[in-house]
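Chemist: Read off the chains here:
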Amino acid sequence: MNLAFATGAAVLFGCGAYLLLHRDLFRVVGGIALISQAATLTLIASGLTRGRAPISPEPNEPVSDPVPQALALTALVIGLATLALLLALVHRLTVVLRTARHDELAAQEAQHESRLEPDRQRDRDEAT
Amino acid sequence: MSRPYVVAQVVARLLWGPSVVVAISLIVKGYTDVGDGFAAGVVVALGLALFYVALGASAAELALPFLRYAPRLMITGLLLCLGTGFFPLLSGEPIFSHLPEPGAHVATVGSLELFTPLLFDLGLFLLVVGVLTVLLHQLAGLKGVAEDLAVPPVDDAPTGGRRP
Amino acid sequence: MTLLATVLLVPWVAGALLVGLDGRRRPLAWSAVAVLAVGLVLLVALTVRVASAGPVQLVTGGWPAGVGIVLRADALGATFAVVSQLVLLVAAAHEAIPGPRARSFPGLVVLLAAGLTGLFLTGDVFNFYVFFEVAMTASYALAAYGGRPRQLRAALVFAAVNLLGSFIFLLSVAGTYRITGSLAMADVADGVLRAGANAGLLVAVGFFVAFSTKLGLFPFHFWLPTVYAGSRPAVAAILSGAVANIGGYGLIRFGAGIFPAQLRMAATALVVLGAASIVYGGVLAVSRGDTAELLAYSAIGQVGYVLVAVGVGGPVGLAAAVFYSVVNALNKALLFLTAGLRGPLVAGAFVVGALSVAGVPPAAGFVGKLTLFRTGVAAGSPALVVLLLVGSALSLLYMFMNYQRQFWRSDPAAGTTVSPLPRRALVAVLALLVLALGLWAEPLWQLSQQAADLFARESG
Numbered sequence: 001m002n003l004a005f006a007t008g009a010a011v012l013f014g015c016g017a018y019l020l021l022h023r024d025l026f027r028v029v030g031g032i033a034l035i036s037q038a039a040t041l042t043l044i045a046s047g048l049t050r051g052r053a054p055i056s057p058e059p060n061e062p063v064s065d066p067v068p069q070a071l072a073l074t075a076l077v078i079g080l081a082t083l084a085l086l087l088a089l090v091h092r093l094t095v096v097l098r099t100a101r102h103d104e105l106a107a108q109e110a111q112h113e114s115r116l117e118p119d120r121q122r123d124r125d126e127a128t
Numbered sequence: 001m002s003r004p005y006v007v008a009q010v011v012a013r014l015l016w017g018p019s020v021v022v023a024i025s026l027i028v029k030g031y032t033d034v035g036d037g038f039a040a041g042v043v044v045a046l047g048l049a050l051f052y053v054a055l056g057a058s059a060a061e062l063a064l065p066f067l068r069y070a071p072r073l074m075i076t077g078l079l080l081c082l083g084t085g086f087f088p089l090l091s092g093e094p095i096f097s098h099l100p101e102p103g104a105h106v107a108t109v110g111s112l113e114l115f116t117p118l119l120f121d122l123g124l125f126l127l128v129v130g131v132l133t134v135l136l137h138q139l140a141g142l143k144g145v146a147e148d149l150a151v152p153p154v155d156d157a158p159t160g161g162r163r164p
Numbered sequence: 001m002t003l004l005a006t007v008l009l010v011p012w013v014a015g016a017l018l019v020g021l022d023g024r025r026r027p028l029a030w031s032a033v034a035v036l037a038v039g040l041v042l043l044v045a046l047t048v049r050v051a052s053a054g055p056v057q058l059v060t061g062g063w064p065a066g067v068g069i070v071l072r073a074d075a076l077g078a079t080f081a082v083v084s085q086l087v088l089l090v091a092a093a094h095e096a097i098p099g100p101r102a103r104s105f106p107g108l109v110v111l112l113a114a115g116l117t118g119l120f121l122t123g124d125v126f127n128f129y130v131f132f133e134v135a136m137t138a139s140y141a142l143a144a145y146g147g148r149p150r151q152l153r154a155a156l157v158f159a160a161v162n163l164l165g166s167f168i169f170l171l172s173v174a175g176t177y178r179i180t181g182s183l184a185m186a187d188v189a190d191g192v193l194r195a196g197a198n199a200g201l202l203v204a205v206g207f208f209v210a211f212s213t214k215l216g217l218f219p220f221h222f223w224l225p226t227v228y229a230g231s232r233p234a235v236a237a238i239l240s241g242a243v244a245n246i247g248g249y250g251l252i253r254f255g256a257g258i259f260p261a262q263l264r265m266a267a268t269a270l271v272v273l274g275a276a277s278i279v280y281g282g283v284l285a286v287s288r289g290d291t292a293e294l295l296a297y298s299a300i301g302q303v304g305y306v307l308v309a310v311g312v313g314g315p316v317g318l319a320a321a322v323f324y325s326v327v328n329a330l331n332k333a334l335l336f337l338t339a340g341l342r343g344p345l346v347a348g349a350f351v352v353g354a355l356s357v358a359g360v361p362p363a364a365g366f367v368g369k370l371t372l373f374r375t376g377v378a379a380g381s382p383a384l385v386v387l388l389l390v391g392s393a394l395s396l397l398y399m400f401m402n403y404q405r406q407f408w409r410s411d412p413a414a415g416t417t418v419s420p421l422p423r424r425a426l427v428a429v430l431a432l433l434v435l436a437l438g439l440w441a442e443p444l445w446q447l448s449q450q451a452a453d454l455f456a457r458e459s460g
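Protein sequences appear in the order of chains A, B and C.
Okay, so the first sequence: first residue is 1 according to full-length UniProt numbering, each after it adds one.
Okay, so the second sequence: first residue is 1 according to full-length UniProt numbering, each after it adds one.
Okay, so the third sequence: first residue is 1 according to full-length UniProt numbering, each after it adds one.
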């Protein structure tokens, strides 16, 4: 792992974390995508080797390690699938709730809480 | 689409053929060089994405009729992968064994060996194209929703904006 | 060997076929239940084989173990696989009786079963990550089942938090490969021992954080009430009874199996965190007014017991952790399923679940608490035994409060409609299973001890 890769992964993670804290859900999804790419970059960076491709190497040649490359490819595929799922979820949420801002979603949660109030009031009445 | 994006439509139609050729070449050379079924599937899906973005979902499916069968394509691909992987169970071998054994004679077309991992890669290709087409089809429906949502520009000011 | 491969193949192929068809039709929902039942029978056969003849191993492609992917069924994995499959079967049947509300529900449950089975029966760290992601993707989609705003919000929170957990897990897997140069679990364990305790500490912490987020342990529990209370009862049962098992299994397999030296170094911290979880979950559950939220906080408390048992470690502690994980999964599934139903049979089933959570005989939770007390005694710490007693007392308190609120008081607003008989009968069958496990705990206890013995030899 050299400095360039470490800085790149750190910058990606920082941008992703910043986006994650936004109000708009699409930016939150973008933040999660950046964070998963930061993990993939760390994976590649921690397995850097120099050498020929390991298809049919000569006996005394350095061969680059294929395992981190396979791990990174799998991580990318999984990241694609989860990003697709998250986008579909945010799309559905936007359609159903007609808003993409999550403080308004929280307001709807608060409405549900207030509907529980009569039950709690009954509990308090019975206790006294 | 309210305005036809003529350049994008023409480019989409022109790029379709080459993207399929690139995908096939990725699968064919994937055993001696960089490439595999997943990369091929993503390249084809990029070509399809251009169709969806430039023409819209309904026009894209008119232009490429096989897109209507994308869910079936996806499931066929997955079953092909699983079948290729698990069929050695019938002969008592461990799963995911290659059919012409490592070291045995194998039929070749040029430098491409015809063995069971090739079927696995084809299944993977079909699976990726199918999944990404289904996704593009679902998200392309967003167009109709956006018009009657009339979402105002999102205000991300830390102190909280107001809806106009 | 063929049994191990078949048990992976069946739910995968069936799930692939089921997602393409319309799952709202009853015959399809019931065929998903049938596939899960077949899978359960195969898993029980595999467990019997493993319990009598030792672990079963299969390497893909016939390659040597370091090159091919190792699939391995031992007592620990088989136990967790059976209990998760059982919970999925009951939840799928619960939704198949009135008919699923979404066309993808049966297919998703079967694919979740495929992912979980693969996860519990693999012996390769990266393969574990792949099956972990398969299972989690299916559960993110399942969390949105029902389509209401509450379910969609629950699914979003669940997906976002667990994706961050997966990110940390992937980093830890990368670190494991860097330290040991191998991905098969047996080789990784040897490599970590050779590399020394400090090298693996950060990686072990990463795994711990990822699995604690999955389980809902104390510092990483914040997502649990929103998700468990917001999702439909069947999905909450699946999440708490099947998906949370990933966390318990991971703590035992990665903690005691792969990083035993780091586990011993951190034992006190783990016990303290588990104690915090027990107290936090118990105290907050007392204050909740909504059944589903109460059960969510109860879940936070119950998994604290598992962490305490893992922290104490040793053959007694690990066996208690496995046993209590199984009991907790069944309890939570039973309680979440009863939360949506009404009727006298349901009240009886809830009582069985409540007694099991509180640790009162003859329910299974009593044997679980007994094994935990033995762990506390083996650790030689009176504070631990007092803590367990306090936790049980809190559980009894909030469970009784909830029983009173839900079943005893006559509620003029809710009406007197009783839920349909088949659903009540299903819940009653699960309650009888919990009672039977409490009365005849020997087989499960033997399995738990076999699971713990796997690690006793390695940590010496």
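If you are wondering where the hints come from, they were derived from the structure by calculation, not from laboratory data.
Quantities reported herein were computed from a predicted structural model and do not represent experimental measurements.
Beta carbons are placed, not taken as given, at the ideal position from N, Cα and C, and that holds for glycine.
A few of these clues could be false.
[To be verified] What the simulated footprint calls covered on chain C by chain B, stretch by stretch (three residues with Cβ under 8 Å from a Cβ of chain B suffice, anywhere in the stretch; the number is not a length):
1) 160-172
2) 256-263
[Unchecked claim] Computed cross-link-like contacts, SDA-like style, restricted to lysine to any residue with a CA-CA straight-line distance of at most 25 Å:
3) B:K29 <-> A:R98
4) B:K29 <-> A:A107
5) B:K29 <-> A:S56
6) B:K29 <-> A:R50
7) B:K29 <-> A:F13
8) B:K29 <-> A:R92
9) B:K29 <-> B:L89
10) B:K29 <-> A:D24
11) B:K29 <-> A:Q69
12) B:K29 <-> A:Q121
13) B:K29 <-> A:A33
14) B:K29 <-> C:W223
15) B:K29 <-> A:L73
16) B:K29 <-> A:L83
Chemist: Each of the hints needs a verdict: does it hold here or not?
Modeler: Against the structure, the hints come out as follows:
1. 160-172: It is violated: at least three residues are needed, and the segment 160-172 of chain C offers just 0 whose Cβ sits closer than 8 Å to chain B.
2. 256-263: violated (count 0)
3. B:K29 <-> A:R98: 48 Å, violated
4. B:K29 <-> A:A107: Answer violated: K29 of chain B to A107 of chain A is near 55 Å, above 25 Å.
5. B:K29 <-> A:S56: Holds: K29 of chain B and S56 of chain A sit about 15 Å apart, inside 25 Å.
6. B:K29 <-> A:R50: 22 Å, holds
7. B:K29 <-> A:F13: 35 Å, violated
8. B:K29 <-> A:R92: Given that 25 Å is the threshold and the Cα spacing comes to 40 Å, the pair is violated.
9. B:K29 <-> B:L89: Violated, because 29 Å separates the two Cα atoms, which is more than 25 Å.
10. B:K29 <-> A:D24: 43 Å, violated
11. B:K29 <-> A:Q69: Since the Cα atoms of K29 of chain B and Q69 of chain A sit roughly 18 Å apart, the hinted pair holds (cutoff 25 Å).
12. B:K29 <-> A:Q121: Violated, because 71 Å separates the two Cα atoms, which is more than 25 Å.
13. B:K29 <-> A:A33: Not OK: K29 of chain B and A33 of chain A at ~30 Å, beyond 25 Å, violated.
14. B:K29 <-> C:W223: Violated. K29 of chain B to W223 of chain C sits at ~46 Å, over the 25 Å cutoff.
15. B:K29 <-> A:L73: 17 Å, holds
16. B:K29 <-> A:L83: 29 Å, violated
In terms of the numbered hints stated before, the structure departs from hints 1, 2, 3, 4, 7, 8, 9, 10, 12, 13, 14 and 16, listed from lowest to highest.
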